[in-house]
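Got chain A sorted already, so can you dock chain B onto it with the hints?
Note that the protein sequences, when read in sequence, are chains A and B.
Everything in the first sequence is counted per my numbering, starting at 1005 for the first residue and increasing by one.
Everything in the second sequence is counted per my numbering, starting at 1005 for the first residue and increasing by one.
No wet-lab data here; the hints were simulated from the structure.
Note that this is a predicted model, so its numbers are computed, not measured.
Careful, some of the hints might be misleading.
A pair counts as met if it fits within one copy or between any two copies, since identical chains are not told apart.
[Claimed, not checked] Simulated pairs of lysine-lysine, DSBU-like, Cα-Cα distance not exceeding 30 Å:
(1) K1142 with K1077
(2) K1304 with K1121
(3) K1304 with K1079
(4) K1305 with K1121
(5) K1098 with K1116
(6) K1200 with K1304
(7) K1098 with K1304
Protein chains: 2
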Amino acid sequence: MLPLEHLPTLADIRETHGAIAHMIHRTPVLTCQSIDELTGVSLFFKCENFQKIGAFKMRGAASASLRLSDADKQKGLTTHSSGNHAQAVALSAKLLGVAAYIVMPENAPAIKKAGVKSYGGQIITCESTIEARERTLKQVQAETGATFIHPYDDYNVIAGQATAVKELIEDTQGLDIVVSPIGGGGLMSGTALCTKYLNPNIKVFGAEPELVNDAYRSFKSGTFQHNTRIDTIADGLRTNLGDKTFPIIQSHVDDIVTATEEGIISAMRLIWERMKIIIEPSCAVPLAAIIENPAPFQGKKVGVLLTGGNVDLGALPFR
Amino acid sequence: MLPLEHLPTLADIRETHGAIAHMIHRTPVLTCQSIDELTGVSLFFKCENFQKIGAFKMRGAASASLRLSDADKQKGLTTHSSGNHAQAVALSAKLLGVAAYIVMPENAPAIKKAGVKSYGGQIITCESTIEARERTLKQVQAETGATFIHPYDDYNVIAGQATAVKELIEDTQGLDIVVSPIGGGGLMSGTALCTKYLNPNIKVFGAEPELVNDAYRSFKSGTFQHNTRIDTIADGLRTNLGDKTFPIIQSHVDDIVTATEEGIISAMRLIWERMKIIIEPSCAVPLAAIIENPAPFQGKKVGVLLTGGNVDLGALPFR
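In isolation and in its complexed conformation, chain A is listed as follows (with noise of 0.2 Å):
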């Protein structure tokens, strides 16, 4: 496979997915008859929390570092993160059999270090600002050559996203409506982008949360809006669109539906109470939109990307 230069197409992410087959799991589409009775919609939830390093991210990073030429695979990987990207990016490495550098704030939790570590990522400290973050980046780069995995603004990482909603359209029959947690947009994109290809019928929306909603507002005022907080619980979705998932969702993506922080903590339970599945409060982004904006998805068959299950046990929301 070559770097993509362009928007994946529907060839693009099929080729992807035959490729980086061996790296990840195909993983299950789950269905609960007690929370479709409660909202009144068919769900098919396809979980990513059973993913390689338990989450979606390990399919874009697969991809991006699959397109390397050999010789740039040789000189190793590079990113910065301190979340779900940081582990795809070092398991991908490993399982090429190449080294991975990984910028991690200083302050990053012990169990992401672990995390990484296991993996044999090796980890570059960094002050936790995000000038450190890619002032380090590009000494690392410089030092070593090796390449950044970008954590979605990259066509490579899109097409890579794009393969789990792929498994679920297969998986599944006669989906109405696909739903995405939006963070950066690379999920978002790749969703949006293959569902369209493969079913145009089928709507798209994405979800995000209602505090930090810089998707919501790009998207329905046609501008680039940029996040002016980001407390959130769904750590993961903290971060803004990028140049190239921006246009993607303006373009394929038909609604975006924001749920409150209280909707997002009530969701993550009924899903871990009644589903018996880990999921990480990012991931029932989703299941809380469609609770709190009922109306587009009542009687649908509604797919749902579970995007991961990384969650701090020791410091749950639930009393």
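Frame of chain A; chain B shown alone:
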């Protein structure tokens, strides 16, 4: 099906499995590479936490209730329980279209009462002593003619619980050992009988909390021993063995291993964090016992019955 007055045979277990199929889920068997690497054991987890009502108890209650005469069914089902068996009897009654009278102690958790009510069960509250529970149950039986479904010491229930390991053995290849937790011994008895019928080369182990180890002491001494304390976090395993379950365990189980309270909490956390599934503390006892008693399990293919996922998210043992 007729009520069983004898030790369930393989034919009985097969007949039971066919009969209850529409009342239960065939639950998945999951594996986890990182837990395998940590333990040095090839583990196959039978996920009864995904069973209807969130626990294997549905199998035994379905088996016992289906075996009643039509006349007895019409008079309804009854039991006393504050746990998973209460919900299993309530849902079995609902599926048969008959009444369920569930005797619950006045201090039963609200969530357990809500579970019983959600299946249409009628709750009869009593004082929280064994004597009050049994006296109230007798009154209910006298007034309604409902049949008492015992939580474990009943061949019909044992035949139902046996179907979990039947599926586990059918859905895996080459298991060396099967491990089940032991409370009253219903699941352990069904597991041991069915495993030895299907493949006598598979070793059958029981696992019990060290603090509440009546089965361990009974098994080792050959005489009925009772628990002198019940303060384990594994709330499903506080019961003593029964008159029917103890002889089956003595004759069909190869060995019993125990686990400390710390080990149970740590094994529970390991499964939550690595497998992203929710299990209750009782259900972590086999993995904890394997980790604390590694010798018999090293390098072996070991099937583990994950018995349930009903846990109070507001009172978790993690920090």
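Structure-based check of all given hints:
In this homomeric assembly, K1142 and K1077 come within 30 Å of each other (Cα to Cα) only inside a single copy, at 18 Å, whereas the closest approach across copies is 74 Å. In the homo-oligomer, the alpha carbons of K1304 and K1121 lie at most 30 Å apart only across protomers (28 Å), although the nearest pairing inside one protomer, at 43 Å, exceeds that limit. In this homomeric assembly, K1304 and K1079 never come within 30 Å of each other (Cα to Cα): the closest approach is 49 Å inside a single copy and 40 Å across copies. In this homomeric assembly, K1305 and K1121 come within 30 Å of each other (Cα to Cα) only across copies, at 28 Å, whereas the closest approach inside a single copy is 41 Å.
For the homomeric pair K1098 and K1116, the shortest alpha-carbon distance inside one copy (17 Å) is at most 30 Å, but the shortest distance between copies (46 Å) is not. When the C-alpha separation of K1200 and K1304 is checked against a cutoff of 30 Å, the pair qualifies only within one copy, where the shortest distance is 18 Å, while the shortest distance between copies is 48 Å. In this homomeric assembly, K1098 and K1304 come within 30 Å of each other (Cα to Cα) only across copies, at 27 Å, whereas the closest approach inside a single copy is 42 Å.
Consistency with the previously given hints fails for number 3 only.
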